[in-house]
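Colleague: First residue of the sequence shown? That's 1 in UniProt numbering, and the numbers climb one at a time after it.
Derived by calculation from the structure, the hints in this document are not laboratory data. Virtual Cβ for every residue (Gly too), placed ideally from N, Cα, C. Where hints are given, some of them may not hold.
[Unchecked claim] Quick list of the computed label-pair ranges, beta carbon to beta carbon:
#  : residue 1 : residue 2 : range
1  : THR104    : PRO49     : 45 to 51 Å
2  : ASN295    : VAL261    : 19 to 25 Å
3  : ASP229    : LYS116    : 42 to 48 Å
4  : SER89     : PHE138    : 18 to 24 Å
5  : ASN88     : ASN295    : 46 to 52 Å
6  : ASP236    : GLU103    : 42 to 48 Å
7  : GLN239    : MET39     : 54 to 60 Å
8  : ARG252    : ASN88     : 18 to 24 Å
9  : GLU85     : GLN336    : 21 to 27 Å
10 : VAL37     : LYS238    : 47 to 53 Å
11 : VAL294    : ARG256    : 19 to 25 Å
12 : PHE263    : THR188    : 17 to 23 Å
[Unchecked claim] Derived DSSO-like pairs (lysine-lysine); straight-line CA-CA distance at most 30 Å:
#  : residue 1 : residue 2
13 : LYS116    : LYS145
14 : LYS302    : LYS292
15 : LYS238    : LYS194
16 : LYS302    : LYS238
17 : LYS116    : LYS194
18 : LYS296    : LYS238
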Amino acid sequence: VPVTCGCASVRSIKIVAPPPRLTDTNRLTDLFRQEEVIMVTGGGQVHSPRYPNAYPRNLLLSWNLLSAPQTRILLEFDGQFGLEEPENSVCRYDFVEVEDISETITVIWGRWCGRKAPRPITSRTNNIRITFKSDDYFVAKPGFKLCYSLLNDVPLISLTNWEPVTPDVTEAPLSVDELDSVISGFSTVEEVLKHLNPSTWQQDLNSIYTHTHYYMPRSYFTDRKQKLDLDRLYDDVKQYSCTPRNFSVNLREELRATNAVFFPRCLLVQRCGGNCGCGTDSWNSCSCGSAKTVNKLHEVLKFSPGQNFYRKKVRARWVLEEIHLQHHERCECVCQSRPPR
1 VPVTCGCASV RSIKIVAPPP RLTDTNRLTD LFRQEEVIMV TGGGQVHSPR YPNAYPRNLL
61 LSWNLLSAPQ TRILLEFDGQ FGLEEPENSV CRYDFVEVED ISETITVIWG RWCGRKAPRP
121 ITSRTNNIRI TFKSDDYFVA KPGFKLCYSL LNDVPLISLT NWEPVTPDVT EAPLSVDELD
181 SVISGFSTVE EVLKHLNPST WQQDLNSIYT HTHYYMPRSY FTDRKQKLDL DRLYDDVKQY
241 SCTPRNFSVN LREELRATNA VFFPRCLLVQ RCGGNCGCGT DSWNSCSCGS AKTVNKLHEV
301 LKFSPGQNFY RKKVRARWVL EEIHLQHHER CECVCQSRPP R
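Given only the sequences and the hints, what does the whole structure look like? Please build it.
Modeller: Structure representation (structure tokens):
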């Protein structure tokens with residue numbers, strides 16, 4: 001199927017996915033999928049369906065631009081650009097994405113939505129993939145169009161020298177246990193992704209909820225009362241794993257009173273409980289202990305029977321007794337590897 005932009009033409013091959021199978025539980029099958037391989041020999045264009053009119057819903061389209069070895073491809077977006085607006089600066093729903101592909105590495109140039117057209121892109125290799133996705137929410141936006149052209153006079157970037165685009169990659173730990181140990185030192189998702197994928201961590205962070213293999217519809221997010229915050233969940237673990245909690249204590253055991261009985265027999269006190277936050281540094285060697293202890297006054301009935309109480313059957317004389325019990329107001333993890341604060 002010829003595609004033209006200017007005077008040049010190219011050849012393309014379309015790969016259309018089978019008709020979607022609708023189910024009640026799998027919204028992934030609602031998407032219409034199509035892949036197109038375009039052999040770039042000159043100039044051409046790709047665009048969202050119906051451009052510049054409003055694009056359809058539930059699409060997952062990709063164009064794989066492939067040029068001759070030792071050549072590169074220039075992409076230029078049309079200024080009439082419009083996709084669904086981002087949510088909290090993240091393109092979650094409708095977007096266009098550009099990837100640079102080689103046999104050893106894939107670099108994501110970016111993922112765009114909203115109204116601002118991306119800047120021109122010059123590929124690092126001779127293989128570029130463009131992906132366009134729309135969800136089940138209709139928006140009256142024009143979509144996108146980009147023109148591509150072949151660059152013959154620009155040397156191909158060495159596949160072993162990607163420094164201008166990708167920073168040095170952190171060496172992966174030798175084992176899963178070592179990786180888990182490294183991650184235990186991080187406090188945010190951003191830090192984890194920066195360590196795992198230094199060159200693409202920003203795109204990974206933006207696309208946590210938009211990977212198509214576990215695509216979830218807009219209703220999944222809008223029905224939430226609160227957005228999922230992975231950093232807050234981890235902060236909760238560290239903050240609330242070791243905290244003061246209600247404990248019931250037996251007064252005779254707590255006061256070591258062998259010659260008296262009390263009513264009530266037990267009282268509630270605040271004592272440090274739980275464990276130290278899983279994943280924190282050396283958490284296996286840590287124990288939850290009190291960082292601040294106070295004595296609180298309680299009034300209970302106390303009876304101390306004498307030696308002759310049962311023999312003479314005298315009247316039991318209860319007294320209202322004031323007792324002091326320890327309460328933990330603040331807790332912290334005490335670890336063998338570091339002293340208490």
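Colleague: Please go over all the hints and tell whether each is borne out by the structure.
Modeller: Going down the list of hints, with the structure as the test:
1. With their beta carbons about 33 Å apart, THR104 and PRO49 fall outside the hinted range of 45 to 51 Å.
2. One distance hint, 19 to 25 Å for the beta-carbon pair ASN295 and VAL261, holds here, with the actual separation near 22 Å.
3. Range check, ASP229 to LYS116: Cβ separation about 27 Å, and the 42 to 48 Å hint is violated.
4. The beta-carbon spacing between SER89 and PHE138, approximately 23 Å, falls within the hinted interval of 18 to 24 Å.
5. Against the hinted window of 46 to 52 Å, the Cβ-Cβ separation of ASN88 and ASN295 comes to about 48 Å, which satisfies the hint.
6. Checked against the hint of 42 to 48 Å, the pair ASP236 and GLU103 passes, with Cβ atoms roughly 43 Å apart.
7. Judged by the Cβ atoms, the range 54 to 60 Å given for GLN239 and MET39 holds: they are separated by roughly 57 Å.
8. Range check, ARG252 to ASN88: about 58 Å between beta-carbon atoms, so the 18 to 24 Å window is missed.
9. For the pair GLU85 and GLN336, the beta carbons lie near 52 Å from each other, so the given range of 21 to 27 Å is not met.
10. Against the hinted window of 47 to 53 Å, the Cβ-Cβ separation of VAL37 and LYS238 comes to about 49 Å, which satisfies the hint.
11. Roughly 20 Å separates the CB atoms of VAL294 and ARG256, a value that falls within the hinted 19 to 25 Å.
12. Taking 17 to 23 Å as the suggested C-beta distance range, the pair PHE263 and THR188 does not conform, at roughly 52 Å.
13. Pair hint LYS116 plus LYS145 holds up; C-alpha atoms about 13 Å apart against a cutoff of 30 Å.
14. Between the alpha carbons of LYS302 and LYS292 the distance comes to roughly 29 Å, so the proposed pair stays at or under 30 Å and holds.
15. Between LYS238 and LYS194, the direct Cα distance comes to roughly 21 Å. Compliance with the 30 Å bound is thereby established for this hinted pair.
16. Among the hinted pairs, LYS302 with LYS238 is inconsistent with the structure: their alpha-carbon atoms are about 41 Å apart, more than 30 Å.
17. Straight-line distance between C-alpha atoms of LYS116 and LYS194 comes to about 26 Å, which keeps the hinted pair within the 30 Å bound.
18. Restraint check: the Cα-Cα separation between LYS296 and LYS238 comes to about 28 Å, which is no more than 30 Å; the hinted pair holds.
Comparing the model with each numbered hint stated earlier shows that hints 1, 3, 8, 9, 12 and 16 do not hold.
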